[in-house]
Amino acid sequence: MNTVLLLSLIGTVLVVLLSAMLLSIRTYQKSLVRNAANNSRRTIAQVSNTVNDYLNSIDTDMAILTESLESPEVDRDEFFDVFLKIRPDVIAVSTYDSYGKLANCYSLFDVRSDLEVNTSFNPYKMDDYAEGYVSAPHVVSLFEGAYPWVVTVISPLDVGGRERWIALDISCSNISAYINDVGIGQRGYCFLMDTDGNIVYHPQQQLIYSDLKSEDTDLISALEDGDHIDGSVIYTIQTLKNTHWKVIGVSYVQEIITDSVWELGRILLIAAFVILVAMLIISTILSRALSRPVQGLAEAMEQFEQNAGDFTYTPVGGVREVRTLSESFSHMVIRLQSLMGTVKDEQVNLRKTELRALQAQINPHFLYNTLDSISWMTERGKKEEVVEMVNALARLFRISISKGHELIPIRSELQHAESYLQIQSHRYKNQFSYSFDVDDECLDYLCNKITLQPIIENAIYHGINGLVDGGEITVSVKQDGGDIVMAVEDNGNGMNEDQITAIMNKDRSDHTGIGIKNVNDRLKIYFGQDYGLTIKSVLDEGTRVIIRMPKVKEESEYEK
Amino acid sequence: MRSKRIIIALMLILSLLFTGCSYRNRDNDSRYNIWLIVKSTDTQFWLSAFAGANAAKAEYNVDLTIVGPETEEDYEKQNEYIEQAVSEGADAIVFSAISYSENAAAIDAAARAGVKIIVIDSDVDSQNVSARIGTDNVQAGMMTGSAVLDTDDDEICVGIVNFAQGTRNGQEREEGLRGSLEDDPRVKKIYMVNVASTPEAAELGAEELLNDHPDINVLVGLNEPLAVGTGRAVVDLGVSEEVRVVGFDTNLECVELMRDGAVSALIAQNPYAMGYLGVESAWKVLEGESFDPNTWIDTATTIITHDNMFSQESQQALFSFS
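Residue numbers (the working numbering), protein chains in the order written: chain A, 1 to 560; chain B, 561 to 882.
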């Protein structure tokens, strides 16, 4: 399987899925937060109304009590007794004179006779009391053996007499009933705070008093009415009319939202998983259908590129497109191979035609030099030698032609070479001697005609010619495994590297007869790149030309 | 093959995510069963602790059983309660030991049965306690000492009324108290009596102490009933002018005596916090959180005197909000 392809697919899908997930969760979360805030606002509005109503009712009470203070002492006691019994949330009603000294105190508890400290009324704060006042929660210090927590509501009095202030100590019980059971979301709650940031009533008041809980009152008192989202907490604040109390709703984004978001996230994750699995399956199928065959095709193409001739193509499977591609490639391979064959054949044919044309030519210099020698010999009356020369020349030409065959038996090739050497040794007045070293088993194998002659010619012209001492030319034919190795060796001047390269690469400049390059080319064309001609030469010592060819019995094996 | 490994890893991650998603809340059937076993059930101190424990119970949605013996000496009853808690399948016991040594075996047995142990207020000699919560009693003893020394008298003779000798927090308070008294040259004598932890026993003990040693000018009651008893003794003998009383905890009777001047200072512990934190910590331990059991989680202690008893802080420390 293609790892890169697979990983990139998985990566893409995951990225898309995750961003979709995040986006939808964010949107969902936002709407949930908005809902939660709305919900919280509604709840707080309700609580505010209730508390407001309660405070209004206390105002009404205050008015009634104020009125009753004008009635005679006896009626007054009776009235307060009844009032306190029907209003258990009112712990005490007390009045104070202009110095802030306790004038009267009505309560169902036993009022202390010696009052050292009064937590309900502070004479030094009478300026604050003038507009009406609601205290922070405190313990009432007026009674014997009872210390209830209350808030005190204080109003100025204008009823004549020495009483100037009326103070109601109101138990937190009613307020707690309004506040305690208010739930916002799963864990949200609300509490009362005054504008100075003191907590008036909190459902977990004792936890706050025991330093086990705290509210960030500094933060909250700085906030205005409305919703405020602070991290995972939603604060909803509403200030009560006509008092300096605020109702604060606290709810948690996390718990309201997290559960829903988790649920959504879970669904999305499952979807992601399903999609991922589906994608894996699809990618496997795709890989089977597309990537693997394409890869196979690519490999096949590479092989074809490296070795076009011997390549055989096995078509690959896969999707329709790939199959079409594969078939086309298959056709192309066959077509290319046949084209290549044609080109090669044409090349070979061309060379052969060229060769035949060349072979048909007789080096005119050689011919007239030989004829010149013959005529000269005749003049001298050397009848025997003339006969020998003419015979050799005739044999030379007969073998050259060989009825148009390219491959002739090595025996004939050796006769050809010998005839040539005979003629040349006459011409060069026995300047050199020659010898043959032939393995008889080789004689019946075939070789290209006129293979040895150009090499001997080269040995005579470039090796022996001009030598003072007698030259020596040896022609040998040996077997080497499945090959025939022919060698022409002389003890002449030898050649340097440049000369060897020139001979191996140049056609003859006079365009007559056959050059060494030509011999080499023919061997290679007929027998392949493993065969051919190699030259080893040492200056002033001699040259050895080696010809390697396979053992060939039938011309038809190579004749095309 | 690499790609296969990657795929397997991906699947594993995804399946982990699923299980992570599906594991969320404990349902109601598997609420933790927590027992609060204390020294007695009728002092204001313990009532306040129960209120705190109940607040935590509501907040953490646990089942809470509160028990305690009738007298603060009955450690055997406490051991019975421990066994009962174990047999009734308690997940955690929040425990205040009457006896540092005699409760240890029962607590160890409970811990071996897999019950988590949280100590509040008074320690027990066990290595199996998960968390310890309460007053730093040596510190509270030193605070008592400073209240005793807060006087213009040139000579101070102290009478200490302490409770059962086996109870750890009493020993620690006494240790702290004696430590702070020793350094002061004004302290001439320290007398000592150990009584049962009831107001009546304390009153008798204190009266005896006062009769035997008329030079005593400060009496110390080292817990709530003892503070009440010593206060009563001083009032009954009519020596409240001569003998100051330094008490512990916020019994209403003591508060009244303090208003009258018979009690000059009270060391107010925070029993509500002990109850609350005890149950809360039990829940946390059961949820896998861990505490250092050798470090006490200190609940605040306040000195309250006649002069500051109606300050906002003192009101909050003295009078429970209900």
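Calculated from the structure, these hints are not laboratory results. Where a beta carbon is used, it is the ideal one built from N, C-alpha and C, also for glycine. Among these hints, one or two may not hold up.
As the list claims (entries may be wrong) - Have a look at the derived ranges for each label pair, beta carbon to beta carbon:
id: 1; chain 1: A; residue 1: Arg76; chain 2: B; residue 2: Gly798; range: 34 to 42 Å
id: 2; chain 1: B; residue 1: Ser647; chain 2: A; residue 2: Ser214; range: 34 to 42 Å
id: 3; chain 1: A; residue 1: Ser214; chain 2: B; residue 2: Thr601; range: 25 to 33 Å
Query raised in the report: For which of the previously enumerated hints does the structure constitute a violation, in increasing order of number?
Result: none
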